[in-house]
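Novice: Kindly produce the complete structure, drawing on both the sequences and the hints.
Protein sequence lines correspond, in order, to chains Y and B. Once you know that position 107 of the first sequence is 101 in our numbering, the rest is easy, because the numbers rise by one and skip nothing. So our numbering is basically just the index in the second sequence, starting at one, shifted up by 87.
Any given hint might turn out to be false.
Unchecked claim - Output of the computed footprint for chain Y on chain B, the stretches with three or more beta carbons under 8 Å from beta carbons of chain Y:
| hint | region |
| --- | --- |
| 1 | 101 to 112 |
| 2 | 122 to 128 |
| 3 | 166 to 177 |
| 4 | 180 to 187 |
| 5 | 191 to 198 |
It is worth saying that the hints were derived from the structure and are not from the lab. Heads up, the beta-carbon is just placed ideally off N, CA and C, and yes, glycines get one too.
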Amino acid sequence: MCDTCGCNITKGNRDLIRSGGKHAITSEGNEAVEVLQNLLHENNHRAAHNREHFDKHQVLAINLMSSPGSGKTALLEATIDALNADHNNTNDKLSIAVIEGDLETENDARRIRDKNIPAIQITTGSACHLDAYMVHDALHELNLNDLDIVFIENVGNLVCPASFDLGHHLNVTLLSVTEGDDKPAKYPVMFRGSDLTLITKVDLLPYLDDFDASKAEENIRNLANPAPIVQISARKNTESEGIKEWLDWLKHQIKHYKTHLEQGETVLPMIQKDRLHSSSHPHEH
Amino acid sequence: MHELSICQSIIEQVTEISRQNNAQSVTKIILQIGPLSGVEAPLLERAFPIASTGSIAQNAILETQILPIKIHCNLCGNENKADISKLICSACGAWQTSLISGDEMLLKSVELEKFEEASHV
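Specialist: Okay, structure coming up:
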């Protein structure tokens, strides 16, 4: 959103600006100023800087969102184990770090550090979401050299995190089978914006008679979301094709990201790209 | 409930615009909100007096314009209004649609009371 380059003037609002000028006078004699700026302008500005920082180090940043207890940290633990096992087969081991967001406690960061993976804990106090400023502060404590992916585990919440750009590249949303297959219909803003939906805890499916994965998928497609949906279990000793699909997706995304970087471009979450179509400006700065 | 932090962001932006325009107060703030933005207009309106107290906008009227959800069908080209949890084409039933509007969270405009030309501050 520039004040200087005129990028916020579009077909939709050009007339307003031409007819009265950018500064029109109201009937009360006050001056009306057209702004057309995102309400989270400051946050988005900071997010763009975070993204530049990630891009400079060629680190893909993934925002993990879901309700509390749907298995975000368990997914990360299983991912670390799977990457270690994967390393025995191939030589290109992915190197990751985690930024944890919770209202209180270091518990989640400790779980990740126990697996010898760097983890920065953000405690938000009473805030129900992470914002770009919090992630910026966490980045000061995290060495991005030699990393491939930073996972940002957002505060467990299906509402507020969806509105805040953190400077990440992709949104991954978890839906655990105990939550119900209608969650995407109930929380459309969150599920519309996911670049991948993981249906988690699928090892529990035999015990549930009210979760239908095809209904969950239908509810996600009803939000015009074309992104893949993967069923996954983070439990040890369960045969999960999902973990393999998840790792394949991550590797594909890293490749896709690096191709974009080579062309001098970054990668934006699907939802941000969508906003660029419907809102009034082609870039945030 | 993140509407308070959004209100604080609005106040910061409005304060900066007032400073640039040498205004003594803000009389009106107009927002455009789409249902898919994740921002609830009634909650914003309730949080606004708390966030604006002591600021240049503390007596300002907050007006929120709700924009409709409109989609374009990527398969048949139809355009229609849609429900927040059903962004599907009303003509052919496809879910392969793109959003035209409905996710806005914009500070549209502000009205400012300027200092009198002759007055000295």
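Novice: Test coverage of the region 101 to 112 of chain B by chain Y using CB-CB distances below 8 Å; three residues minimum.
Specialist: holds (count 3)
Novice: Count residues of the region 122 to 128 of chain B with a Cβ under 8 Å from any Cβ of chain Y, then say if the count reaches three.
Specialist: holds (count 4)
Novice: Per the coverage rule (Cβ-Cβ under 8 Å, at least three residues), is the region 191 to 198 of chain B covered by chain Y?
Specialist: holds (count 8)
Novice: Closer than 8 Å Cβ to Cβ for three or more residues is the test here. Does the region 180 to 187 of chain B pass it with chain Y?
Specialist: As far as the region 180 to 187 of chain B goes, the hint holds, because 6 residues have Cβ atoms under 8 Å from chain Y.
Novice: Between the region 166 to 177 of chain B and chain Y, are there enough contacts, at least three residues with CB-CB distance under 8 Å, for the coverage claim to hold?
Specialist: holds (count 5)
In summary, the structure agrees with every hint in the numbered list given earlier.
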